[in-house]
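Student: Here are the chains, one letter per residue:
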Amino acid sequence: TQLLEQSPQFLSIQEGENLTVYCNSSSVFSSLQWYRQEPGEGPVLLVTVVTGGEVKKLKRLTFQFGDARKDSSLHITAAQTGDTGLYLCAGFALNTGKLIFGQGTTLQVKP
Amino acid sequence: EPEVTQTPSHQVTQMGQEVILRCVPISNHLYFYWYRQILGQKVEFLVSFYNNEISEKSEIFDDQFSVERPDGSNFTLKIRSTKLEDSAMYFCASSPDRAYGYTFGSGTRLTVV
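Quick mapping for you: the protein sequence lines, in order, are chains P and W.
When you read off a place in the first sequence, starting at 1, and then add 2, the result is the number in my numbering.
When you read off a place in the second sequence, starting at 1, and then add 1003, the result is the number in my numbering.
Worth flagging that the hints you see were computed from the coordinates, not collected in a lab.
Hints are supplied without guarantee of correctness; some may be wrong.
To be verified - So the derived list for chain W, only partly shown, Cβ under 7 angstroms to chain P, looks like this:
(1) I1041
(2) K1045
(3) Y1053
(4) E1059
(5) F1068
(6) F1094
(7) A1102
(8) Y1103
(9) G1108
(10) S1109
(11) G1110
Unchecked claim - Among chain P residues calculated to face chain W with C-beta under 8 angstroms, some are:
(12) Y24
(13) G44
(14) V52
(15) T53
(16) G106
(17) Q110
(18) K112
What the hints assert, rightly or not - Computed footprint of chain W on chain P; a stretch qualifies when at least three of its residues, placed anywhere within it, have a C-beta under 8 angstroms from a C-beta of chain W:
(19) 64 to 71
(20) 86 to 100
Beta carbons are placed, not taken as given, at the ideal position from N, Cα and C, and that holds for glycine.
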């Protein structure tokens, strides 16, 4: 069974701080996606990474795919209160044909 | 921006009743999916659908579940005889490729009483 482990599960920081969320697996994925989910809503895609070692930036968010395509990280620089939410990683594996999700990281940014 | 539309947003049903959850995927997408999220738990894959047939399904997707694309725009999930443990948010998604580009709907909250 393929699993994606996210850490930490909960993170509470002050506005202006930096943070990193990790997404790890023992499986290889052909793509790794990061989503943000608001309460009562569906996940909204932030970015997709497909190449080992790939780095993508979305304003203050930096996403990295591990060289072996088994892990990924999301780094937020100078967090703002608007960054508060649930962040999900999801990986697609060719051998299963399924997109599976990690359990999520709940981020709270305090003013 | 194109959207995936789900109806109803909330459904309450008696245990043992059949429910049909409806979705309108993005029109030029080829792959369609159903996921569910039990309160406080992670988003779980149920089924993927391509070229008018199921391409992958999870262990959760047993004989009580079925999917259908009855016309060119709708994609439905039917639960034949609901159980209390079927209570969850059900998300429909579609994508142009099975590996990326997923767009999720806002979900249907199913409550089985």
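Student: All hints are to be evaluated individually against the structure, with a verdict given for each.
Tutor: Results of checking the hints against the structure:
The beta carbon of I1041 of chain W comes no nearer than 12 angstroms to any beta carbon in chain P, farther than 7 angstroms, and the hint placing it at the interface is violated. The interface hint given for K1045 of chain W is met, as the beta carbon of that residue sits about 4 angstroms from the closest beta carbon of chain P, less than 7 angstroms. Using the Cβ-Cβ criterion of 7 angstroms, the hint placing Y1053 of chain W at the interface with chain P is not satisfied: the shortest such distance is roughly 9 angstroms. Of the supplied interface hints, the one on E1059 of chain W holds, with its beta-carbon coming within about 4 angstroms of a beta-carbon of chain P, less than 7 angstroms.
For F1068 of chain W, the shortest C-beta to C-beta distance to chain P is roughly 16 angstroms, which exceeds 7 angstroms, and the interface hint is violated. For the restraint placing F1094 of chain W at the interface with chain P, the shortest Cβ-Cβ distance is roughly 5 angstroms, inside the 7 angstroms limit, so the hint holds. Taking 7 angstroms as the C-beta cut-off, the interface hint given for A1102 of chain W holds, the closest approach to chain P being about 5 angstroms. The interface hint given for Y1103 of chain W is met, as the beta carbon of that residue sits about 5 angstroms from the closest beta carbon of chain P, less than 7 angstroms.
At its closest, the beta carbon of G1108 of chain W sits 5 angstroms from a beta carbon of chain P; the interface hint therefore holds under the 7 angstroms criterion. The restraint placing S1109 of chain W at the interface with chain P holds, with a minimum CB-CB distance near 5 angstroms, inside the 7 angstroms limit. At about 5 angstroms, the closest approach between the beta carbon of G1110 of chain W and any beta carbon in chain P falls short of 7 angstroms, and the interface hint on this residue holds. At about 16 angstroms, the closest approach between the beta carbon of Y24 of chain P and any beta carbon in chain W exceeds 8 angstroms, and the interface hint on this residue is violated.
The closest approach between the C-beta of G44 of chain P and any C-beta of chain W is roughly 4 angstroms, which is under the 8 angstroms cut-off, so the hint is satisfied. Taking 8 angstroms as the C-beta contact cut-off toward chain W, the hint placing V52 of chain P at the interface holds, the least distance being around 7 angstroms. Taking 8 angstroms as the C-beta cut-off, the interface hint given for T53 of chain P is violated, the closest approach to chain W being about 12 angstroms. Among the interface hints, the one on G106 of chain P holds; its C-beta lies about 6 angstroms from the nearest C-beta in chain W, closer than the 8 angstroms criterion.
With a cut of 8 angstroms, the hint placing Q110 of chain P at the interface with chain W is violated, because the nearest CB-to-CB distance is about 16 angstroms. Proximity of K112 of chain P to chain W is violated relative to the hint, the smallest CB-CB distance being about 22 angstroms (cut-off 8 angstroms). Only when three residues or more bring their CB closer than 8 angstroms to a CB of chain W does the claim for the stretch 64 to 71 of chain P stand; here the count is 0, and the claim is violated. Requiring three or more residues with a Cβ within less than 8 angstroms of a Cβ of chain W, the coverage given for the stretch 86 to 100 of chain P holds, as 7 such residues are present.
Of the hints listed earlier, those the structure fails to meet are numbers 1, 3, 5, 12, 15, 17, 18 and 19, in rising order.
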